[in-house]
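Asker: So you can see what is in the structure, the chains are spelled out below.
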Amino acid sequence: MKKSFVIIVNVIIMAAILTFVVLYSRFENRDSYRRQIEHFEKTTVTMERVTENYLEGEQRICDAWAQYINRGNMTIKEAMDYLRASHVIEDSSTHLIFLDTLRGLSNQPKQGTTDDYSVSYERVDLLEDASWISDIGESINITRTYTNPMNGEQSLAFCNRVTLQDPESGTYKDAVLMRVIPISELEQKWVFPQEEFANAELSMIDADGDYILKGYSFKNSSFFEFYKSYNSTDPTSSKELFDRITSSTGSISMLNSHGKECILAFTPVVATTGWTLLGFVPAEDLEADMENWLLPGVISTGLLILFLFDQFYMMQLNRRLQVAVMEAESANKAKTDFLSAMSHDIRTPMNAIIGLTTIARKNLGDAKSTEENLRKISLASNHLLTLINDILDISKVESGKLKLNPLTFSIVETVENLVNISQPMVREKEMKFSFHIHHMEKENLYTDQLRLNQIYINILSNAIKYTEPGGSVSVDMREEYSTVQGSARLTYIVADSGIGMSPEFMETMYEPFSRQTDSRVSSIQGTGLGLAITKQMVDLMGGRIECKSEQGRGTTFTVVLDIPVAERQPDESRFDGIDVLIADEDEIFLRTAAEELESMGAVAEQAHSGTEALEMIVRRHESGRDYRIVIIDSKMPDMDVVEMICRIRSQVDADKPIVIVSAYDWSDIEDNAKEAGADGFVTKPVFRSTFDNKLKEFLGTEIKSVEAEEDDSDLKGMNILIAEDIDVNWEIISCMLNMLGINCERAENGRICVERMRTAGDGRYDLIFMDVQMPEMNGLDATREIRKLENSRASTIPIIAMTADAFSENITECLNAGMNGHISKPVDMKMVIREIRKIKEMNEKE
Amino acid sequence: MKKSMYISLIVLMVMVLSACGSEKKEAETEEGFKPSLDTSLSCNINVAGGYDNFEALEAEFDRFNEYYPNVELKFTKVDDYNNMIGTVLNGKDAPDIYVNNSWMYGREQYKASIDHAEDLSDPALGLDLNCIRSNIILNTNDGTLPMVPVFSNTYGMLVNNDLFEKEGLKVPTTYTELVEVCEAFREKGYKNPMMGFSKAEKTSLFTVTIYPYFCGTVANDAEAVRKLNALESSAGEYLRPSLEKIVQFLKDGCVDLEACSEIENNYDAVILRFFEGDVPMMTCSGDTVSGTKKRESRSEAFISKPFTYTFVPVPMSEEGAYFLDIPNLQFSVNKNSPNIHMVNEFMRFLITSRELNRMAQSKGLMSPTRDLSFDNMYAAFGNVPESRILSPEEFGLTDDAVKQLRQAVYGVGTGVMTIDEATAGYGTFSE
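From first to last, the protein sequence lines stand for chains A and B. Following the numbering used here, the numbering of the first sequence begins with 1 at its first residue and continues without gaps. Following the numbering used here, the numbering of the second sequence begins with 1001 at its first residue and continues without gaps.
Okay, chain A solo, but in the shape it has when bound (with noise of 0.2 Å):
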């Protein structure tokens, strides 16, 4: 359906329902507006039949005066002194007029006299003609609205003929009683009752239009020309319409003198003859305009932001949905995308293991082709590992399942974890590598080392493989003051001279499956998905990590996260007056190495080149104060360090500890250098710790020959229970196992490993490799029941997981259930030796 159809009916719809509330509303409106004129016009008669009966009221009290006089046969005095008696009324005033003279008495004062009784109608146009006053009784005889001649007051009279004795003649004259009553009087009583009907007036007009009495908005003397003069009308419709004011009740609209439109309501007073009442409203007062124009108003205005509120919902609809749109087909391309790339990505090293392996079945005689084929099937397996545990996590980022499991770890064994990752890689590409750390104070922190792990070694190994062979990487590492309360602030930054991104690709970099267009990028293994992962996991640690980059200089990436530091940390020795030299080119390492050393309470000295080491060596021999250890990096610049060695021990001493440091592997020069009398090994960096142990070896607190560590020979004889129920993975690990001349014995399930440790004397195990996914019973309900045995080594028997299941969370899991280690499948022996070799330390001791 296109859009404008949609407006177009909703433009429609609203129109309709806009002409019909109009439509209504005016409909109502007018029904409202009649009813308020009928209502008018009923009011009108009420007050018609008020009017009446005080008009008769007034009229009776007139008749009764008037009749008492004619019985009473009363001459004018006498009728005037009856009046003054019967009258109560001080606003009002009664006269007796003869007809004949238009003169006659008032029963008050003329104004400014006090016994002036005398008074004249001759000048007043009211009672020349005196037919319209009829019999008493008949009738409400009414004047029109006058000027009293006694007062000068505006006013209107009662009337009632009446017949006076002469009193000189003796013979009767007709007279005229009047109740006289002050107009003033009358408007402060005659007024619309209702308060709707506020702005209403009254007015009284007799048969030819005349006022009788006339409210403020009637104009002229006469209602009928008030009304020609203001409406226009011909006339004849005037006299039909005046006809039907003087004849009927009804109501008309009319302009008043001010143009505006007025209901004019009138009614016959029944008691008079020919009166009518009008009542006079401005039609405005009858409407409710106001509450029917607010209704459209509000009606439109909400169906107007309902209409625009729509469409932006419906622009914004469309909006998301042509995102997510694209969204889809950029997902589905990526994912077409990832298909294509993880069946190339998976298929490649998958041939070099599978031809790998063919061609040595082929060649088994020939030992050092073997092993050469075994080394390239190890490294393309390792890849294929990799391949996989990332495709795993980013699926996990994406559902949202990705969760941090802290434990507490040592940076050191990270580092060191780090450094021997990369080691292969830098040797191979023989590229310049260092790595720095400053003011590492806390090296036992608390977070997700697995996650840590990752973040560290997928941006250093993305350095190392987008760098040119020869090129060169550095890492920096150091612990500065984080605002998070517990916590440690690590900043670690990798800079490499690699080919760099192009601004386009930074944009999208830390999507997934995103690798940039390089013709030299494509000949480099990666799943597009180590930056994307490593982004997650800086987010989740909530952290953050920048990147600059120039596509042929280089790229710097810097990851800094606020890591809480754990309780307990490594105990620290005093070196106090031990006198140290380290030689080194390299100034960062030297500065840094001397700063930890000196914290430590020794004395470091300094030597940039193997000469001058050499030189200071010999003379602190010679002034008799020998340096107590000497720390010499396997790189020096003007001399081999095994020549060094041999300089040394020749030309100085033989005895005191000669300490290797270096940044790469060392393997190549271990034995040239241990045969010229180097007493140890260490990878840089050299934290704080290292220096600890180390100072401590050689300085005679806990000595331990370096050869030792390397030796695995002390872990012969040792009895380990291996629960794991896949044939080959048993071959594996019992076989490897067996070449360090460890016994295994296998139980094929969780349940045979609990019956195993059930039946097992004290002693019999001295730790157990457990698999976790097993038939009839799994490896955490195996650990589990075994921590239940009341057999006592049961509960403390190190339990180590050895299992395909490599998330954190299964981590957590196996700890949970009471395990006390995790080695993740494919098995790395150097991690298996470690553990065995650990849970055989905590034997010793215990």
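Worth flagging that the hints you see were computed from the coordinates, not collected in a lab. Any given hint could be a false lead.
[Said to hold, decoys possible] Taking lysine-lysine and the DSSO-like style, the derived pairs with C-alpha atoms no more than 27 Å apart in a straight line are:
#  : chain 1 : residue 1 : chain 2 : residue 2
1  : B       : Lys1074   : A       : Lys260
2  : B       : Lys1293   : A       : Lys110
3  : A       : Lys239    : B       : Lys1188
4  : A       : Lys635    : A       : Lys696
5  : B       : Lys1294   : A       : Lys260
6  : A       : Lys239    : B       : Lys1293
7  : B       : Lys1335   : A       : Lys110
8  : A       : Lys110    : B       : Lys1294
9  : A       : Lys716    : A       : Lys830
10 : A       : Lys189    : B       : Lys1092
11 : B       : Lys1170   : B       : Lys1188
12 : B       : Lys1034   : A       : Lys260
13 : A       : Lys368    : A       : Lys429
14 : A       : Lys228    : B       : Lys1335
15 : A       : Lys189    : B       : Lys1074
16 : A       : Lys110    : B       : Lys1092
17 : B       : Lys1305   : A       : Lys228
Using the hints, position chain B against chain A.
Answerer: Then chain B, alone, in the frame of chain A:
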């Protein structure tokens, strides 16, 4: 498409909302009048007069309400006004503004009407008295101004312009032209080229035609005026030229008295007779002219055959016509009014050329202002040279003297008395 649709809808919404809003229209601001009091003040102002109705003044009330919407103004008719106004002023219903007359000034009987009046010459009131023709403003002994004219009156004749145009005649400006025009009309078959009310002396055609002429003969003669005012018998001789003129006027056959006698009164009947459409000239006062507009719709002859008409001075001398300028209706302010400040504010509003002209045009009377050109009906009087504009107020002829003249000229005109009898009887005539 979308954008234009949205814009259209927003415009629609604004229009709908605008339509929903109430339109507040500012009151038309008059350039000349600026309220000096708090416009939210409320009070009642009562204007008393002898008119049955006073729509022209009520229209002014409405205009004043545009500035002061809460002030209620009303006009009240007082019966037997001249006799009652004193009583009314001393009573409970004392008006705030009331109609006054120049002739009441100095007469004991009307003392209250003068005593209650505020001095309107006080500059603090801010009344624009300069807009009124000075010759109709009352001259008092003490220099105070108890009343100010709101209308003026004069004598002249209604002219049926269509007939003059139809017959190719010009409205006469000298006495000879008047006689000639009458003759020409008669020759063209018009039985009554000139008519007027003749049944009573007040505003009879004799008075209307000769009173301005008479004023022209004595206006510059202070001695004559003094004697006339003193009603000295010898002053009758000052009437002789005017009486001779009226006799001559009758002899010249300008009017047919018998036909004139059929006109029952000096107001409705005069107008309705003129509206018959066969009388080129009808003498009357400005008061009568004020009733013409309303009576157009009452005259079937005029409705069926309307025509244009104007009011012009009657040329009774060869030098031309006189413009007798008389104050008609004057307003006084009751100095005891409880709302004196607002009453004065209303007077300040009313006594301006614009409002007085509006009110005069509405009422159909001559405006008291200096500019008469705004109203076609009276424009001819504005063309009369200043030397021929006369005002009894100015040269001091009293109302009593004028009454003597009216009686004398009516007697001579109707043939009841001779010129000699009339001049000899001066000072003895009563109504």
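Asker: Give a verdict on every hint.
Answerer: Results for each hint:
1. B:Lys1074 - A:Lys260: Measuring from Cα to Cα gives roughly 18 Å; hence the hint holds.
2. B:Lys1293 - A:Lys110: Measuring from Cα to Cα gives roughly 41 Å; hence the hint is violated.
3. A:Lys239 - B:Lys1188: 40 Å, violated
4. A:Lys635 - A:Lys696: OK: Lys635 of chain A and Lys696 of chain A at ~25 Å, within 27 Å.
5. B:Lys1294 - A:Lys260: It holds: about 22 Å lies between the C-alpha atoms, which stays within 27 Å.
6. A:Lys239 - B:Lys1293: 19 Å, holds
7. B:Lys1335 - A:Lys110: 23 Å, holds
8. A:Lys110 - B:Lys1294: 39 Å, violated
9. A:Lys716 - A:Lys830: 16 Å, holds
10. A:Lys189 - B:Lys1092: Holds, because 18 Å separates the two Cα atoms, which is no more than 27 Å.
11. B:Lys1170 - B:Lys1188: 14 Å, holds
12. B:Lys1034 - A:Lys260: 25 Å, holds
13. A:Lys368 - A:Lys429: With a Cα-Cα distance of about 23 Å, the restraint between Lys368 of chain A and Lys429 of chain A holds, given a limit of 27 Å.
14. A:Lys228 - B:Lys1335: Between Lys228 of chain A and Lys1335 of chain B the Cα gap is close to 36 Å, so the pair fails against 27 Å, i.e. violated.
15. A:Lys189 - B:Lys1074: 19 Å, holds
16. A:Lys110 - B:Lys1092: 13 Å, holds
17. B:Lys1305 - A:Lys228: 21 Å, holds
Violated hints, listed in ascending order, are 2, 3, 8 and 14; each of the other numbered hints is respected by the structure.
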